[in-house]
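S.K.: Chain by chain, the residues:
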Amino acid sequence: MTSTPRTTGRHRAPRRHRWIWPTVIALVVAVLTAMLGTGGTYALWNGTASTSASTVRSATAAISTGPLTAMNTAVLGPGGGTTGTFTVQNTGSIPLTMRVATTSTKVSSATNATTAAVLGELSLRLSVVGSAADCRTGLSGASGRLATFDTGSGSFTLAAGARAVGCVEMDLDADAPQSVAGAVSDFSLTVTGTQVTP
Amino acid sequence: MSRRLRAILALLLALVFVAGGSSAAWALWSATGTTASSVTIGGTGASLSGTSDMTTTFSSSVTSMTKPITLTNAGSLAGTATTTVSVASGSSTALARAVGVVAWPVASTSACTTSTAVGTGSVSGTWASLPSLTSKLAAGASAVWCTRSTPTSSAPASATTNVTVALTVTAGTWASDVVQGGFALNTSAAAPALTCTDHSGTYVEVAWPTSSRPMDTWYGAFVGPNASTMVGQKEQDYYGRFTLAPEQIPANVATSGPVTVTVKILDGAGNPTSTVVASGTITLFTQNNGKAVRCGA
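Residue numbers (numbering that gives the first Met the number 0), protein chains in the order written: chain A, 0 to 197; chain B, 0 to 296.
Only chain B is shown next, with the shape it has when bound in the complex (with noise of 0.2 Å):
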């Protein structure tokens, strides 16, 4: 390295050096801390229940069916509950659409009662064709509904249907799987008409068709929901026949219009037993200015 390149190399250097030098170090001092926590995501959840106690006959003693149904938010999320119903392929469609069905939310299965009147958010249809049940739920509430059901006087007599209650619970875009109960309603064979005869719209006699059982069976005649209320006086098979005035239907059954009149045979303690020997309909209407009764609807 000659003389002049290393003297031209100290210069650089001692540039470098004090041009290094002047200038501040920029390091900048910092402290860290740490936190933490921990997030869950839900998921959705649906039950159901209830729909196992509706299997039903429908006769002319048994009318209607209340019983509650049971949804529930099975999921952590909040959601909302809605429900589809099916007839089960095979199964009597005609019958599923000549049950009426009303239904209404109440605060719990005791609420539901057959005297319980319709209340408010009701839907109605048939088990057919039903409305949606649908209720917001919490995660893990319920939401009961009290059902109503009452066949028309187009339900085939002898016929069964199967019916399937779906329910779903969705929270934004998600959905539970689908969980569902099943009933089945059915019809009893027809109940033999009973033999009606007028008298002016003064009383009304209605007779039961005649059997093979003792002469001395004791029955009755019953009007209301399913059958349950007993009009008259019980009668034997000597007789063979209610005899009914207008005023011995109460008018918490009816005050006027049709009237079903059902036969049953009474036990030994006078109380009715499921047994219809027959059926058949009077009705309530005015003739000059007081109560009358006549035969048929």
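With the rest of the complex left out, here is chain A (with noise of 0.2 Å):
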């Protein structure tokens, strides 16, 4: 038996995404028609230089207080006032902004009035003069109860290297009564130097 040949083919299969290759082939050849056109590399620009060597250190703050002269060479009466020097230098590298206050106190000899009592008629003054020779009673500045003196901070202020005279003095009060006649009062001031904020 003889068999009739068959005039068309099986069902091809169907062609899918005919359009990819064109589109790649399209989009190099633009890329490199681009890049060709701008002439550049693309490549970063950079270069290197060197410091010469150096060293960094810290700041540092440091004062030094003198002795306050003494202030018992004069007793005090009834409204009188005695004074004393004593010198603070910032001997650190950096502005220090001052503050200083009473931080202890002693009484004694007071044989007819309290501890309280005599420190309760003892009022504390202190000012920056120029030179020692330059303190005397009657100046402005901060001022206080002895016991509780206090400039706060920013009293003043103390470059790095500079030096300055504290005059302080001591009144007792015009009313003060007979009974803190011959009491004796020790006391501490405390000068504290704090860098001045940036």
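The set of hints was computed from the structure by calculation and includes no laboratory data.
Be aware that a few hints might be false.
Unchecked claim - Derived, one-sided and incomplete: chain B residues facing chain A with beta-carbon distance under 10 Å:
#1 L27
#2 T43
#3 S46
Just so you know, even glycine gets a beta-carbon here, dropped at the ideal spot from N, CA and C.
Since each chain comes alone in its own frame, lean on the hints to assemble the complex.
M.R.: Here it is as structure tokens:
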């Protein structure tokens, strides 16, 4: 038996995504063309240089206070005052703002009055003067009762290496009772230098 | 803890760390130093001296008394010394009122003598009422006041007054304790009066009363402060009187006016004793352009 040849083939598989290759080729060509047109290499610029050697040091905060001169060379009477001076120097490397406050008191020889009664009649005033010779009673400055004296921060400012003379005046109230006569009051002042706020 | 909650927590922590880590640390450097001293409160005090040497008996022969009083600021504060005087109760206020006082500051106690003239800054009164002897004194310093007390003719005889001088030193509102010193002023019994006889201004005769003393007892007539200047010749009871011409009264005692004449017994050396036998007053005046004297005040 003979068979008749088929005039048509079997169904061919459908051609899918026939558009991809032309597109890719077109993009490559476009990119190459663009790059050729700009002429750039797209390499990033850079360069190097060296600084000279240096040292970084930390700043220092330090002060030096001198002794307060004797203030009992003159005794206090009602309404009277006596003065003494001390030096303070900024021995650090940064400016400091200063604060002075009483940090201790001791009353002795008060035979007719309590410690509180004696301290309640004594007032302290602090001023900064050009030299010890300029220190006298009646200058203006921060003042308060001896036991609670505190200038607060920012009493005065010292640049690095600068020096100041503090004039301390102690006054007895004009209406102080006679019962405080003969009392001796020892006291300590603490000077605090704080870095000036940057 | 759910997955969602953990995620939220992780996100928050991340935010906190990022935010916190981005800020600077604000701790500031500081340094301290300490200095110390001491003050002394002074006190007041006073002391008084000299009053114990002022006890005196006035008489016809002791007619004034000049003595220093020393005021001392015994405290440690400069102050002002002030005084008051008072008469003790029971003693003669009349005598205190009859003794005149003048006081003035002097440099030292040795500068206060009977011959010292009254100086500047004097105060005057009586021992019953004397203005304050006021001095500004440094701590520990002293002031010397010279006082001269002179009884007046109105001073009662045979009287005693006890005078107290009180001293205070003040410094501001403070005052020292009051310190006191006292002395007694006395007057002797009145001396017998002289018998005086005028002789037309040329001279006077003053006679002392007779007594039981030996007739050869010597007497002298004295004038001036404390009856210390002898005038005329010494006499005995045989004669019993002095004859005094105006020229015999020293000019430094008086040139005119009343002069007190005191008759005292003399010792063997011719010096006056404290025994006054009589006292009286004569008066110098001018007559016919010349010096004259008469009896009485």
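S.K.: Could you run down the list of hints and mark each one as holding or not?
M.R.: Hints versus structure:
1. L27: 4 Å, holds
2. T43: 7 Å, holds
3. S46: 17 Å, violated
Violated hint: 3 only; the structure is consistent with all others.
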